[in-house]
Amino acid sequence: MLAASGCKPNIETNTATSEGQDTSLSSLSELTIPALQKRRFTSALHIEQLVSTGQTKNQYTEHYNIAQAPYSTYMASYDSDGLQLYTRIDIPESAPPANGYKVIIFVHGWIGVKNAPSYNFNYAPDNNYAEIIDQYVKQGFIVLTPGLRGHGAVNGKQADGIEFMHAWDNASYISPAFYAIDVLNLLVATPSLQNIDWQAFNQQQRAIRINQDAINITGHSQGGDVVLTALAVSGENPHLQPTFNSAAIWAGCILPKLEQTLLYTPMAESAQAFLSGDGTWTASAVGQDQSTNPDFLFAYPPDWITYPDNSNNDWTWQHDKWSTKTVKQSLQKRVSSMYDILTAQVEDISDIKFTISTNADGKTIVNHDPLIIDTYRTLSPFYFPEAIKEPLFLHHSDRDYYSPSLWNEKLVNAISNANGYAKSFEYKGTTHSLKLSEHAWFSPASSNEGVTEMIEHNTKLFNRAHKR
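Position 177 (the sequence shown) corresponds to 168 in the numbering used here; numbering is contiguous.
Think of the hints as simulated: they come from the structure by calculation, not from any bench.
Just so we're clear, the structure is a prediction, and the values are computed from it rather than from any experiment.
Please note that a few of the clues may not be correct.
Claimed, not checked - Here are the simulated DSBU-like pairs of lysine-lysine, each with C-alpha atoms no more than 30 Å apart in a straight line:
1. LYS354 x LYS105
2. LYS29 x LYS48
3. LYS316 x LYS354
4. LYS401 x LYS354
5. LYS319 x LYS354
6. LYS129 x LYS48
Unchecked claim - Using C-beta positions, here's what the derived DEER-type ranges look like:
7. THR443 x SER341: 48 to 56 Å
8. ALA431 x PHE345: 35 to 43 Å
9. ARG368 x ASN106: 29 to 37 Å
10. ASN439 x LYS48: 33 to 41 Å
C-beta: ideal position from N, C-alpha, C; glycine also.
Sequences and hints are given; from them, build the entire structure.
Here it is, written out as structure tokens:
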């Protein structure tokens, strides 16, 4: 099973907060890329728990046959903006290279406020994230898997920050900026692994040396947005040490934030977003009768639909899932929610308005307030390709609406034009997790899962020295 369910935050507007924690902002400018590029980040890691070693026998260690290539798993805490957060740490039991262990920070996708408190840091058998973490550790990397604010508990104590999820993990599309702050604080905390008294937790654990020039980062889905934000900050922040060596994003929500608004919710709520002009599914806007759907957004809905065509009226539960009749209705609800959240949570936003219109071709257009257009542009790392200094791999399906090939290619071109290095890998017929669907309409017989190839590409990237 997959540990996260996509890029889409909660549809509900929820601005509730926990006792004593103020999640409001004076201005959205506090979270813009230029503002984060000037921030100072500081933290240190503290071991909270030894979870397992190469000699431990439990469902996880036996499922991944850890005894053959042993590693130890710990849970640690660190501070991020005054919040106590947690990260899983996996350390190979093999001897480190002469210049120290290389590191991967692994950023999970969207979990949601309902499931965040019980997030298990992917320490479970038959889990896509665990499978990938296991492969990286067995190839000699230390892997840090942060929960991020509001996610998980260690020794019965919940991570701080669930109130930020209530306030921001929603239609505002703001939460990845907060999560990027958590990742950057973890980045600067990583060298503190060398200062820990490991013998106090595991007598078999030798002292650790980190190769601070080889700290890499990867993220999936919403975690891709987080990674891209962190990259746009780290390459331009003069106070940040260490920085990233390289990065890889897997089915990432890398679109500009307002573009995410236009695509993700309609695809999840309205069948009009993926059906053709005559209401049949043709993987295009053009129907069998040659009529065109002007509000067609993307050819492929989620892979778990038995079949997306309802022209014979044989949908059952799908009617409830895609209950919003039109893309226009979906956008009206979503953008209204966004504006309500921003008005409630941001002190210098009080009188913002949007309209929805139809262009000459019949396509629904959202006309945002100029303040929102300008501010959200500076919140979107996509618009800062010149700041992406680290080599970046982008892995994606050709039919995942959370990470369309078009936008991955646009980002590659933008970074290349800014004299950076990015490369796109497309895996045809795969799902949001780069696996294969059980349904042939989504994954035809010629399709191959992409996870194994992705790991191979990333391992080569992460093993090379890229710092300039």
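For each hint, the structure was consulted:
no.	hint	verdict
1	LYS354 x LYS105	violated (35 Å)
2	LYS29 x LYS48	violated (47 Å)
3	LYS316 x LYS354	holds (15 Å)
4	LYS401 x LYS354	holds (23 Å)
5	LYS319 x LYS354	holds (9 Å)
6	LYS129 x LYS48	holds (17 Å)
7	THR443 x SER341: 48 to 56 Å	holds (52 Å)
8	ALA431 x PHE345: 35 to 43 Å	holds (41 Å)
9	ARG368 x ASN106: 29 to 37 Å	holds (31 Å)
10	ASN439 x LYS48: 33 to 41 Å	holds (34 Å)
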